[in-house]
Amino acid sequence: FEISMSRHSRPPSLLWSPHSDEVFAIGTSDQLRLYDFSHSDDSGSPLIERSDTGAGSVQLISCVKDVHQLSCAAWSPRAEHPWMIAVGTASGKVVLHDCAPSSTERGCAPTSARAEFVPHS
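Residue numbers (my numbering): 893 to 1013.
In short, the hints are calculated from the structure, not lab data. For glycine and all other residues, C-beta sits at the position ideal for the given N, C-alpha and C. Watch out, some of these pointers could steer you wrong.
[What the hints assert, rightly or not] Per label pair, the in silico range of CB-to-CB distance: (1) His1012 x Asp913: 31 to 41 Å; (2) Ser930 x Glu1008: 31 to 41 Å; (3) Lys957 x Ala1007: 24 to 34 Å; (4) Lys957 x Leu906: 32 to 42 Å; (5) His973 x Val1010: 33 to 43 Å; (6) His1012 x Gln961: 14 to 24 Å; (7) Gln951 x Glu1008: 22 to 32 Å.
All chains should be modelled from the sequences, with the hints used to inform the complete structure.
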């Protein structure tokens, strides 16, 4: 899989889910993508090599394209909200996104924002 970045954007953030050892998120300045890592290679997904266990596959399971100026992100620690991710933006806003896998094309939801918190000036 590939992560595209402009030369002026921040490095991507990698977040492993606290709820599943096989789910992780990658956040860039303009989107958040969730992936499932599987140790089996029969899914047809691109293979990546792991030195300790052999081959595995990575599959996109969800993405949020309406993230603007992502500067940090964190998974919800609550088990009843395993797909909730808080995204901090460069303007100081914090947006809660429900990133549950969707049935839309390639798992990309048009919007997943559930709440937005704006700092007081």
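Now the hints, each set against the structure:
{"no.": "1", "hint": "His1012 x Asp913: 31 to 41 Å", "result": "holds, 39 Å"}
{"no.": "2", "hint": "Ser930 x Glu1008: 31 to 41 Å", "result": "holds, 34 Å"}
{"no.": "3", "hint": "Lys957 x Ala1007: 24 to 34 Å", "result": "violated, 18 Å"}
{"no.": "4", "hint": "Lys957 x Leu906: 32 to 42 Å", "result": "violated, 19 Å"}
{"no.": "5", "hint": "His973 x Val1010: 33 to 43 Å", "result": "violated, 21 Å"}
{"no.": "6", "hint": "His1012 x Gln961: 14 to 24 Å", "result": "holds, 19 Å"}
{"no.": "7", "hint": "Gln951 x Glu1008: 22 to 32 Å", "result": "holds, 29 Å"}
This entry does not satisfy hints 3, 4 and 5, going by the numbered hints stated previously.
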